[in-house]
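Undergrad: Protein sequences, first through last, are from chains Y and X.
One point on numbering: in this note's numbering, the residue at position 130 of the first sequence is 130, and numbering is uninterrupted.
Counting from 1 along the second sequence, just add 462 to a position and that's the residue number in this note's numbering.
The reader is advised that the hints may include incorrect statements.
[As the list claims (entries may be wrong)] Below, a list of computed lysine to any residue pairs in the SDA-like style, where the Cα atoms sit at most 20 Å apart:
1. LYS674(X) / ARG310(Y)
2. LYS674(X) / GLN201(Y)
3. LYS723(X) / SER311(Y)
4. LYS723(X) / ARG148(Y)
5. LYS723(X) / GLN230(Y)
[Said to hold, decoys possible] Sample of chain Y residues facing chain X (criterion: CB under 7 Å; computed from the structure):
6. TYR8
7. ALA167
8. PHE168
9. PHE170
10. LEU185
11. ARG202
12. ARG203
13. LEU211
14. GLY213
15. ARG267
16. ARG310
17. GLY394
These are calculated hints, taken from the structure and not from any lab test.
In this text, a Cβ means the ideal position worked out from N, Cα and C, and glycines have one as well.
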Amino acid sequence: MTVDLEAYRGLVSDLGDQAEHVLRAAWSEAVQSFGPAALEVTYLGGARTLARLGRTSALPVAFLQHAPAVAREVGDACVEALVEAAVRFSSKTSQAVIERLIEVAPIAATRLADCDLFREFLSLIDELLGLAPRGVRPLLDRLEVLLRELTVRGLRRWALWGARAHAFDFDAQVRYFSLEAQEALSMLQRERVGTLLVDVQRRLLMYLRALWGRDFLLRPQGRDLETGEQARPHLEGITIAVADAYDDWHATVDGEDRVARGLELYRAAVAHAAAHAVLSRERFVGVDRPAAERALVGLVEDARIEHAARSRFPGFARLWGQFHVVSARAGEDPAALMARLARSLAEPSYADPHPWVQAARSVVEQRVLGRDEDVAAAVDAAVAELVELARSYGVALEGAEALTWQPIYRDDNAFLFVEEAHAGVADSAVDVRPQQQRRTVNVMEMVNAVDVPNAGDDADEI
Amino acid sequence: MVMTEVEQYLLTEEPYYRPVGNEVELFEAAYEARMPLILKGPTGSGKTRFVEYMAWRLGKALITVACNEDMTASDLVGRFLLDAAGTRWQDGPLTTAARYGAICYLDEVVEARQDTTVVIHALTDARRMLPLDRKGELVRAHPDFLLVLSYNPGYQSVLKDLKQSTKQRFGALDFTYPDHDVEVEIVAHESGVDAATADRLVAIAARARNLKGHGLDEGISTRMLIHAARLVVRGVDPTTACQVALVAPITDDPDMRDALKAAVAASF
Numbered sequence: 001m002t003v004d005l006e007a008y009r010g011l012v013s014d015l016g017d018q019a020e021h022v023l024r025a026a027w028s029e030a031v032q033s034f035g036p037a038a039l040e041v042t043y044l045g046g047a048r049t050l051a052r053l054g055r056t057s058a059l060p061v062a063f064l065q066h067a068p069a070v071a072r073e074v075g076d077a078c079v080e081a082l083v084e085a086a087v088r089f090s091s092k093t094s095q096a097v098i099e100r101l102i103e104v105a106p107i108a109a110t111r112l113a114d115c116d117l118f119r120e121f122l123s124l125i126d127e128l129l130g131l132a133p134r135g136v137r138p139l140l141d142r143l144e145v146l147l148r149e150l151t152v153r154g155l156r157r158w159a160l161w162g163a164r165a166h167a168f169d170f171d172a173q174v175r176y177f178s179l180e181a182q183e184a185l186s187m188l189q190r191e192r193v194g195t196l197l198v199d200v201q202r203r204l205l206m207y208l209r210a211l212w213g214r215d216f217l218l219r220p221q222g223r224d225l226e227t228g229e230q231a232r233p234h235l236e237g238i239t240i241a242v243a244d245a246y247d248d249w250h251a252t253v254d255g256e257d258r259v260a261r262g263l264e265l266y267r268a269a270v271a272h273a274a275a276h277a278v279l280s281r282e283r284f285v286g287v288d289r290p291a292a293e294r295a296l297v298g299l300v301e302d303a304r305i306e307h308a309a310r311s312r313f314p315g316f317a318r319l320w321g322q323f324h325v326v327s328a329r330a331g332e333d334p335a336a337l338m339a340r341l342a343r344s345l346a347e348p349s350y351a352d353p354h355p356w357v358q359a360a361r362s363v364v365e366q367r368v369l370g371r372d373e374d375v376a377a378a379v380d381a382a383v384a385e386l387v388e389l390a391r392s393y394g395v396a397l398e399g400a401e402a403l404t405w406q407p408i409y410r411d412d413n414a415f416l417f418v419e420e421a422h423a424g425v426a427d428s429a430v431d432v433r434p435q436q437q438r439r440t441v442n443v444m445e446m447v448n449a450v451d452v453p454n455a456g457d458d459a460d461e462i
Numbered sequence: 463m464v465m466t467e468v469e470q471y472l473l474t475e476e477p478y479y480r481p482v483g484n485e486v487e488l489f490e491a492a493y494e495a496r497m498p499l500i501l502k503g504p505t506g507s508g509k510t511r512f513v514e515y516m517a518w519r520l521g522k523a524l525i526t527v528a529c530n531e532d533m534t535a536s537d538l539v540g541r542f543l544l545d546a547a548g549t550r551w552q553d554g555p556l557t558t559a560a561r562y563g564a565i566c567y568l569d570e571v572v573e574a575r576q577d578t579t580v581v582i583h584a585l586t587d588a589r590r591m592l593p594l595d596r597k598g599e600l601v602r603a604h605p606d607f608l609l610v611l612s613y614n615p616g617y618q619s620v621l622k623d624l625k626q627s628t629k630q631r632f633g634a635l636d637f638t639y640p641d642h643d644v645e646v647e648i649v650a651h652e653s654g655v656d657a658a659t660a661d662r663l664v665a666i667a668a669r670a671r672n673l674k675g676h677g678l679d680e681g682i683s684t685r686m687l688i689h690a691a692r693l694v695v696r697g698v699d700p701t702t703a704c705q706v707a708l709v710a711p712i713t714d715d716p717d718m719r720d721a722l723k724a725a726v727a728a729s730f
């Protein structure tokens, strides 16, 4: 469908010649990036809102030029957030800083690749305008370099440290946020992370498609703002939410150092979540169930799908096995015993000396591993037996529900649990996207009707 | 003398070919009817080996021409050459095959320009003749003559396609990658690798074929699998063999290479 600029001419006629010129140049990209409603309300309406903030047309011009790229990367809701932020900032800073923010917004959108993270970035700028107003402009000027090295949470820690350290020294603020001060580089080095999702997302998607022959979506999720903890991967249909960045992973196992690169950790995490998406077809009762039992259900189902995946892909044993680092030395508290059971199920050659772990392993191997029908019933029965065994061996499982004992690559298993009425029902959420259609057309039809310049390999139709 | 030239194209040993369907019977029926054939399929799927096998089975000489965009009609039908005695006519491969009853196989025919391939029209309809305009001769095709073309539909484009007037003179056999078990059998036979390793290699190829159209132009072919298996037989570690024979040749995209490499690692 062609959206004619002339139909909207009345909305932008008072923005000036330069705005009209820029709008003409950006129109094609805007039409592809915004939905029909958002085109009028968010894009053109946003430009009119910004025009009221300043005496010149610089803000609407910058917005008309750069907003389509933001919408394309993170959606038009984020463009609305950008306009709202600009309005809010207009009472705190100069028009030039707001203009610069709009100019670099596509960089933030591209690197962060998620609307929530983009909003976090705007919220950080808001906070900095109060704490270190002179530092915002230089930070925006260096944003590309900063986001190449840092996640939005890392950027926040780096920026807030500089803002607090130089709260009353404006010159020092400028040097810090321009990356001219040595301490700024040192802090940057401290906050930088091994591997950013945005840098490896494409290869991970190809990896998953090669393995399972289907498409998945990856969504970045940041660390918890208060605790700084990295949230576990989370699965929802075909969308895998995974850390926006992973440091290289280090552990010591039996006196031996073990290291996994960030990319390897990403592979382990997405391969595990994708194995769930493909192989965990039944759901479990989650409501009103003791938390320790829920944790056991997750542990047993993890073991089942990993066992099935390893039979297809033997290399997964190495990929996942390296992250199981617990041993008898970890002790016998509930979390340690759960971790030891998880390892003994993931690594057949590992022999744990604890009698409950040994008995539990035997139950799971006999009742659950290798099963792909009536899974919910089998897992529930196995879990009931594990709980009974725990009672008979005097093992307390309460306290193991926090999932901290799970190896780092495993997801939160939240998707496994449903209300009682839906338990045991095969899940149909997987692979609901229509298969990609391939059409052969003549050149003129491709140019006039079919071609979508921004479409990637995952387009609905090629 | 010329008969000797044709005889050199006779296959003396039976080429290994593992039928995947009824393609052998269909080819024989087409040959009896002297119906020219197009073999369509991805690269490395056994088209050339099949036509070699059929030539051997039928006891006919096989003249193969690898087509390219610089090829002219003269390269197919022949040309006058200069020598000490003046000029003499040199038959091209198509004329030789037509004159003496060989099977002429034009490999990757869409690589040739469309005006070049028009020269085959008179040979592939009821006339079965080849006019040599420059020589002023009309060659009537030998009763045993058959023309076979092959091309990869994946490489088709507006610029590289056969004219409808060419296509409609042929029957066509579609080739694709064999089923898993058959491909395992082929890889094991051609390379000498054990069935378990062949099985894993074929599974890797199946995974890479998931990426066709998603960053890969073409899937990993049976031929590439045989290359990898031959390296394994010579003591190369399977993961390295896959890297050398499967991953590195098929793409230069670093992300794709990484994904394929990781998929290979997951398989061993």
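Undergrad: Against each hint, give a clear statement of whether it holds in the structure.
TA: Cross-check of the supplied hints:
The suggested pairing of LYS674(X) with ARG310(Y) is violated, with an alpha-carbon distance near 24 Å, which exceeds 20 Å. Our distance criterion of 20 Å between C-alpha atoms is met by LYS674(X) and GLN201(Y), whose separation comes to about 18 Å. At most 20 Å may separate the alpha-carbon atoms for a hinted pair to count; LYS723(X) and SER311(Y) meet this at roughly 19 Å. With a CA separation close to 25 Å, the supplied pair LYS723(X) and ARG148(Y) exceeds the 20 Å bound.
The straight-line distance between the Cα atoms of LYS723(X) and GLN230(Y) is roughly 28 Å, outside the 20 Å bound, and the hint therefore fails. Using the Cβ-Cβ criterion of 7 Å, the hint placing TYR8(Y) at the interface with chain X is not satisfied: the shortest such distance is roughly 36 Å. Annotation: ALA167(Y) was flagged as interfacial toward chain X, and the flag is violated, the nearest CB pair being 43 Å apart, outside 7 Å. Interface restraint check for PHE168(Y): the shortest CB-CB distance to chain X comes to about 47 Å, outside 7 Å, so the restraint is violated.
With a cut of 7 Å, the hint placing PHE170(Y) at the interface with chain X is violated, because the nearest CB-to-CB distance is about 44 Å. At about 29 Å, the closest approach between the beta carbon of LEU185(Y) and any beta carbon in chain X exceeds 7 Å, and the interface hint on this residue is violated. Among the interface hints, the one on ARG202(Y) holds; its C-beta lies about 5 Å from the nearest C-beta in chain X, closer than the 7 Å criterion. This hint holds: ARG203(Y) has a C-beta 4 Å from the nearest C-beta of chain X, less than the 7 Å allowed.
For LEU211(Y), the shortest C-beta to C-beta distance to chain X is roughly 6 Å, which falls under 7 Å, so the interface hint holds. Given the 7 Å rule on beta carbons, the hint for GLY213(Y) holds: about 4 Å separates it from the nearest Cβ of chain X. Look at ARG267(Y): its Cβ gets to within about 6 Å of chain X, closer than 7 Å, so that hint holds up. Residue-level restraint check for ARG310(Y) is violated (minimum Cβ-Cβ distance to chain X is 10 Å; threshold 7 Å).
Given hint, GLY394(Y) at the interface with chain X, is violated; its Cβ is 41 Å from that chain's nearest Cβ, farther than 7 Å.
Against the hints set out earlier in the document, violations occur for numbers 1, 4, 5, 6, 7, 8, 9, 10, 16 and 17.
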